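Enquirer: Sequence:
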Amino acid sequence: MGKKVKKEVEPPPKDVFDPLSVESKKAATVVLMLSSPEEEVLYKGCEALYKFALKGEENKLTLLELGALEPLFKLVIHEDPTVRRNATMVVGIMASHNDVKKSLRQLDVTSAFIARLAPEEDVVIHEFASLCLVHMSIDYNSKVQIFEQGGLEPLIRLLGSPDPDVKKNCVECIYNLVQDFQSRAAIRELNVMPPLLELLKSDYPVIQLLALKTLGAITIDKETRMMLRENQGLDHLFKILETKEFNDLHVEALGVVANCLEDVDTMQLIQETGGLRKLLAFTEVSTLTEFQKNAAKAIAKAAADPENRKILNEQEVEKCLITLLGTDNEGTKIAASQAISAMCENLASKQTTGALGIPQLVQLLSSENEEVKEAAATALVNLTTAHPANVSAVAEAEAIEPLISVLSCKRDGAVASAASVLTNLAMQEPLRLTIQSHGFMTAIVEPLNSTNSIVQSRAALAVAAMGCDTDGRTELRNSGGFEPLVKLLHSKNDEVRRNACWAVMVCANDELTAAEMTRLGALDILDEINLSIGRKNNFSEAALEKILDHNLPQKYSQMGFLASTNIILDGFYDYGQVKPGEKLLSLEELCGQELNDHRAIILINAKLSELEHQAISISIEEKPQENPASRIGASATSVRKTSRNNSLDEKPESPGRSSSISKGSSREKGSRKGKGKKEEEKPKDEELEASIPKVVETPGKALWIPPFDPILFDYITEISRTILPLPTSKEQVVALAQFVADRLGGPIERNNLHEFSWELHISEIEYELKCNVVPIGKIEKGTFYHRALLFKVLADRIAINCSLYRGEYNRAWNEVKLVDDSPLGIPGLLLPPQVYIVDLMYQPGCLMKEESPEADCYRRI
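So the sequence shown is numbered by our numbering: it starts at 1 and just counts up by one.
There could be a bad hint or two in this list.
The calculated lysine-lysine pairs, modelled on DSS-like cross-linking and capped at a C-alpha distance of 30 Å, are [stated by the list, open to error]:
#, residue 1, residue 2
1, Lys410, Lys278
2, Lys555, Lys770
3, Lys44, Lys74
4, Lys410, Lys583
5, Lys607, Lys487
6, Lys301, Lys244
7, Lys536, Lys555
8, Lys781, Lys817
9, Lys536, Lys583
10, Lys770, Lys817
11, Lys297, Lys410
12, Lys213, Lys101
13, Lys51, Lys26
14, Lys301, Lys222
15, Lys607, Lys555
16, Lys770, Lys849
17, Lys201, Lys319
18, Lys51, Lys102
19, Lys239, Lys222
Calculated from the structure, these hints are not laboratory results.
All values reported here derive from a predicted model rather than from experimental measurement.
Please work from the sequences and hints to get the whole structure.
Expert: Below is the structure:
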């Protein structure tokens, strides 16, 4: 054999770079290496950056500031799978930093990371690509991009991945996406339910929890709940609830069940399988306060449906809720009270809860937590609405005092509910009096001043319920409650305005209250409301009329109508028609005006004041001379012994144009028919001087007194003596009509009505008195509206029910209700009363049926 010769080693090619191991101690150097064309440098650099970023948030920010993000993102789509994997890991771990997320959104990375979820990619790429999408999906805009770029389908597919981290990231990203309804609708078509339910069996609690959260989000929609039911999802949920080891999942599982309970079909299924009974049992014995609170919330949501309420009542849910009221957790008490409120829509439930739970709810009114007070008060509102037995139970539980104390709470809902409960209690008369005795009217003033429209509305409604007696109104007036109540009439809220009008209508039942409300501007505001088509309501019209019932001059001038219940008292005056909203001057102001062209203002005053009585007594005792200076500003009424003519001739003009009233000889003759000449010539010591004072001076003040009408006084005396004793109402009406017509000019021929010169006669009286205000007793020639007014005045004095209407062109008429005689003389047959118009002009005493042509002709020209 030949000798072996050693082969010589060939030297490396001159154009090849010898391998170099580089050790870098700075991240900046590694970031520069990301631009290398060598795959080995790239994936080793990415690996080093991953370890660096994993150490903390500051390192992630450092890499961002070094400009690593953009080259890393380019490597995410690199051809080499290892480079691609390592780059994805770095970006995935960096994406948790907010500043990094902002930069990623600017780079528009979502489509690239969705592409990394493809089946052919490595499981590590799946993990970190999905992790990046989790962080991106928190932002709304990125969420929309993921949805629009088709990210849901690969995420759902990867729920079946063998890697638990991939599952966790995908289900978390899906949970973020389904917060929007578009994703919830799309996810149903992608059949997400089976893989989600499979995740409930996972060995990892975090995956189970995220799956339950996702189910809770998507089962908001009814269609998804149906899918859950079809895939036996309820069985999975109840298995979790029955397993004590899964305590940490119970709250989320309950949230999904709560959504399902909203469907009647699901509720029935749970009931039939015994699940509902188990759920209530879990709730009562659970040591998790969050579970109990959410269970009560679930019941409240389910109780929104009438059929569900019926099912819950059959399962005696009320006992469970009452048990929850006794827990130590404030949130659970609130949720239980709210559930009771919802269940009260069911009458049987209202009765059950009322019998068992009212004392506990009343105790909660004294809680230091105002939210608890609100929830308890709201439950009591629903329990007592239209349920007298529960009202009595609330009163027996001594709830009135704590309810009134709740009116001073800071929480508007609590105040509004407390006011409503008290309103419900006030429907029973004894309880209303008890509530008032605890100072309710004083306590309600603060809620009336609230800026919350619900509180304002409930407070006004409570005043309407409580203000139906004098004591309550007096307390409210003394507490300053009428001012804020009247202000509520200005409210732009329809309910507040309506309830304020209702309260004003109720409170304006006495003269003092009506006068106070008028002083505060209620009359003007109600006028304004009723002129608006959009703002007026039934109560605004009734409130205006109720206030006007205590201001009859304004009512008759404005509305042209006085009901039979509107009794004309002394001091009334007919100013004539005024427009709505136009303020009517007082009688004192009108008497103080100069004589003008306005139609005569007809005064009704047949009563001497005590001061006038005193002045007359002094005048008679001292017998002053006929010297104007000897009178106290013409303030005393002197006794005259002269005839009407002498009175007119000798009457001095008193200062201040005091109104003059005289009793003429012609009137005396007309009103005393059948009396002899001797009686006519008899000295008239009882006649009063025509000029009646406007001001009577008393120590320390000057009091204005309206002119006294002695002739009207005589009319009242005469009809009381002659007409009042008549046996039937019809006879009284006819006789009174004839009496009125006789005193105001007698019957007038219809065709000669234009010749009846009443205008001239009235003008003469105005000139005589130097005043537009004319006492009705001075009038000897009166037309329709004079006669109708006098008839109403006299009818009111002898208790004849009579209404007064003003028409156009000086027309006015009276309506009376009379019962006709029984037909065929059948005794004991009661007929409804008929409305008649009383003729005072043409055939005085003639009664015309309301709808007859004669009545229509009488009322109109």
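Enquirer: Each of the hints needs a verdict: does it hold here or not?
Expert: Consistency of the hints with the structure:
1. Lys410 / Lys278: The given pair, whose Cα atoms are some 40 Å apart, is violated under the 30 Å limit.
2. Lys555 / Lys770: Roughly 27 Å between the alpha carbons, so the hint for Lys555 and Lys770 holds.
3. Lys44 / Lys74: The given pair, whose Cα atoms are some 16 Å apart, holds under the 30 Å limit.
4. Lys410 / Lys583: Not satisfied, since the Cα-Cα distance of roughly 40 Å exceeds 30 Å.
5. Lys607 / Lys487: This hinted pair is violated, its Cα atoms lying about 37 Å apart.
6. Lys301 / Lys244: Distance ~26 Å between Lys301 and Lys244 Cα, so the pair holds.
7. Lys536 / Lys555: holds, 18 Å
8. Lys781 / Lys817: holds, 28 Å
9. Lys536 / Lys583: The hint holds at about 20 Å.
10. Lys770 / Lys817: violated, 40 Å
11. Lys297 / Lys410: With Cα atoms ~25 Å apart, Lys297 and Lys410 stay inside 30 Å; holds.
12. Lys213 / Lys101: With a Cα-Cα distance of about 24 Å, the restraint between Lys213 and Lys101 holds, given a limit of 30 Å.
13. Lys51 / Lys26: Distance of about 13 Å is within 30 Å: holds.
14. Lys301 / Lys222: Since the Cα atoms of Lys301 and Lys222 sit roughly 14 Å apart, the hinted pair holds (cutoff 30 Å).
15. Lys607 / Lys555: holds, 22 Å
16. Lys770 / Lys849: The given pair, whose Cα atoms are some 42 Å apart, is violated under the 30 Å limit.
17. Lys201 / Lys319: violated, 34 Å
18. Lys51 / Lys102: Between Lys51 and Lys102 the Cα gap is close to 22 Å, so the pair holds against 30 Å.
19. Lys239 / Lys222: holds, 23 Å
Going through the hint list in order, the structure does not satisfy hints 1, 4, 5, 10, 16, 17.
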